[in-house]
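Colleague: From first to last, the protein sequence lines are chains S and A.
Just so we're aligned: 109 in the numbering used here is position 109 of the first sequence, and the numbers increase by one with no gaps anywhere.
Just so we're aligned: 35 in the numbering used here is position 35 of the second sequence, and the numbers increase by one with no gaps anywhere.
Keep in mind that the hints were calculated from the coordinates and are not lab data.
There are no misleading hints in this set.
Under the rule of at most 25 Å between Cα atoms (straight-line distance), these lysine to any residue pairs were calculated in the SDA-like manner: (1) S:131 / A:64; (2) S:33 / A:14; (3) A:46 / S:78; (4) S:33 / S:89; (5) S:44 / S:81; (6) S:12 / S:46; (7) S:33 / A:62; (8) S:44 / S:85; (9) S:12 / S:108; (10) S:87 / A:76; (11) S:33 / S:138; (12) S:44 / S:7; (13) S:87 / A:75; (14) S:87 / A:77; (15) S:131 / A:75; (16) S:87 / A:19; (17) S:44 / S:21; (18) S:131 / S:35; (19) S:33 / A:76; (20) A:46 / S:81; (21) A:46 / S:94; (22) A:115 / A:2; (23) S:47 / S:15; (24) S:131 / A:123; (25) S:131 / S:3; (26) S:33 / A:77; (27) S:44 / S:54; (28) S:131 / A:76; (29) S:12 / S:120; (30) S:33 / S:49; (31) S:87 / A:46; (32) S:44 / S:91; (33) A:46 / S:79; (34) A:162 / A:178; (35) S:131 / A:74; (36) A:46 / S:85.
Taking beta-carbon pairs under 7 Å as the criterion, some of the chain A residues facing chain S (in silico): (37) 23; (38) 70; (39) 71.
In this text, all values refer to a predicted model and were calculated from it rather than measured experimentally.
Just so it is clear, CB atoms sit at the ideal spot from N, CA and C, and this is done for glycine as well.
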Amino acid sequence: MSDRLTNALGRKVVSRTTAEELGDLVQIVIDVKRRQVTSLVVGKGRKALLVDWEQISGFGPDAVMVADDDALHPPRDDHEEAAADGKLELIGKRTLSDAGNALGEISDVIFDTDSGAVETLVIGDRELPAKSLLGVGSYAAVVTAPKAG
Amino acid sequence: MRLLVTGSAIRGLPVVTIDGGEDVAEVRDVIYNPEAGHIVGLTLNKRGFLAGRRREVLSAHTIHAIGRDAVMVDDESSLILPEDAPADVGAPPPGRDVTGNEVLTEGGASLGEVKDIVVLVGSNGEVVGYEIDTASGGTGYIPLPSQLAVSGSALVVPDATKDFVEHDLVGLGAAVDDFRSRLGLR
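This is chain S alone, in the form it adopts within the complex (with noise of 0.2 Å):
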């Protein structure tokens, strides 16, 4: 089923087998070549942890169900670093097409809640299919340009 991020956000994540709640979904880490949600950043800050999207059993419109509560792991390598600083915060984020020029911000991203698949772009009013992401970044996501853009 798919999901935007602006819904998601917020939404508890439930460990599955002591049914504790481990804290809130913060932001989605994508693997922008695979077009594919790589992990969740649950918790902000020091406390910010992260949770693999295989360790996930269930991705509801209620709770985040988790398989236990050693799925969450403190970042691994400095792609995860940078997602738990909140520096790949993609709501917000402004976009540059690959020709240079500004699109606006992303106001949302539309993804496969079973698969983890990422679809749809949302860039103010106007939607991009998410093979156009080329790249994410602290300061920047890029895409490629659309048309007369």
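Mind docking chain A on chain S? Use the hints.
Modeller: What follows is chain A alone, placed relative to chain S:
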């Protein structure tokens, strides 16, 4: 209709990596080859207010695109030291500044003096025109053919250019293709 940007508007633009989305530098100045009608490279500053100069440069062939809001490069390896860059970029010959040059038509009419270059947005530095101080005192924009005679103090443009003196970049963007097809260039 083509989107255009002046050389002075390129200065200060962030240099952004396509695969990383990071602003790795900003444009300090434009290195222009007037004979070729093309930007050959860019010198760089560090990113941020008063952050100072970066020794690395960008050569046109490693620039993905110059836009209105950023200069796009594939990744940070596009930034190279001047000694590793083509001589045109690493040690540009003097006398290439066209600012102040008189623009003369082949028929001998002066159209004004060059103020700035006009670059095609999305290209890696194709200069399609000049901003000029017109002989009558205002600012005008003229399209360029791909090649033209440049002496260091004046440049000679086709007679047809005088029919294409535009008042703004939008006008020039619309005129560039007409001008070139009139000259049989495309």
